[in-house]
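Take a look at the letters that make up each chain.
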Amino acid sequence: GENVEQHPSTLSVQEGDSAVIKCTYSDSASNYFPWYKQELGKRPQLIIDIRSNVGEKKDQRIAVTLNKTAKHFSLHITETQPEDSAVYFCAASISGGSNYKLTFGKGTLLTVNP
Amino acid sequence: DVKVTQSSRYLVKRTGEKVFLECVQDMDHENMFWYRQDPGLGLRLIYFSYDVKMKEKGDIPEGYSVSREKKERFSLILESASTNQTSMYLCASSLGIGTGTNIQYFGAGTRLSVL
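Line order of the protein sequences matches chains A and B. Each step along the first sequence adds one to the number in this note's numbering, with nothing skipped, and position 30 is 30. Each step along the second sequence adds one to the number in this note's numbering, with nothing skipped, and position 82 is 1082.
Calculated directly from the structure, the hints in this document are not laboratory data. Please note that a few of the clues may not be correct.
As the list claims (entries may be wrong) - With a straight-line cut-off of 20 Å between C-alpha atoms, the simulated DMTMM-like cross-links for lysine to aspartate or glutamate are:
id, chain 1, residue 1, chain 2, residue 2
1, A, 42, B, 1022
2, A, 37, B, 1051
3, B, 1003, A, 39
4, A, 22, A, 84
5, A, 106, B, 1022
6, A, 42, B, 1038
As the structure is a prediction and not an experimental result, all values here were calculated from the model.
Required output: the full structure, derived from the provided sequences and hints.
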């Protein structure tokens, strides 16, 4: 089955700096890659996703890039703010087929220091 | 707005008890999932259901079972709770096969302590 590796497990940045979280996946058939943010004590929520027919997607201060050849994708957060502090999970899936499960990475705890 | 509701935020049970965790979604979603979240281990899939009365094992089904008698409700059952099942349990739902989206919406979680 699919295996998703996520790095780093913890990341500490100064407010205003950029943060990058990287994930690799094993199943070349995966074509849908969402990112979830989980604030302390809250439920995970989708913040951005990308499909394999697109190399990059941006939404304000967050962006996701995908390299299908290397089977890795990354989350980029620019101009970080204290409210970006959370655990971030990447995931991989095959969208539109019979497999609708998401396989999650183990998460990255991002701390933005004021 | 999708709403996924888990019946309890906190539960304390004794070893050997039968435990029911309930989850309800209000958006007519086909798929429902139960995850276990432990520090450093991420979100691990226990069971999922893609239709009423249909279920499939996830990555860590041992010690758990599920029930889906109605489309909107998915229950996780711990037949005989053990201390190693102390964890945060998250329920999620998603629209369905062929909809072009695997976006999952999560409940707030149930923190279960087994003593």
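Out of the numbered hints, which ones does the structure contradict? When the structure is compared with the hints, numbers 2, 5 turn out to be violated.
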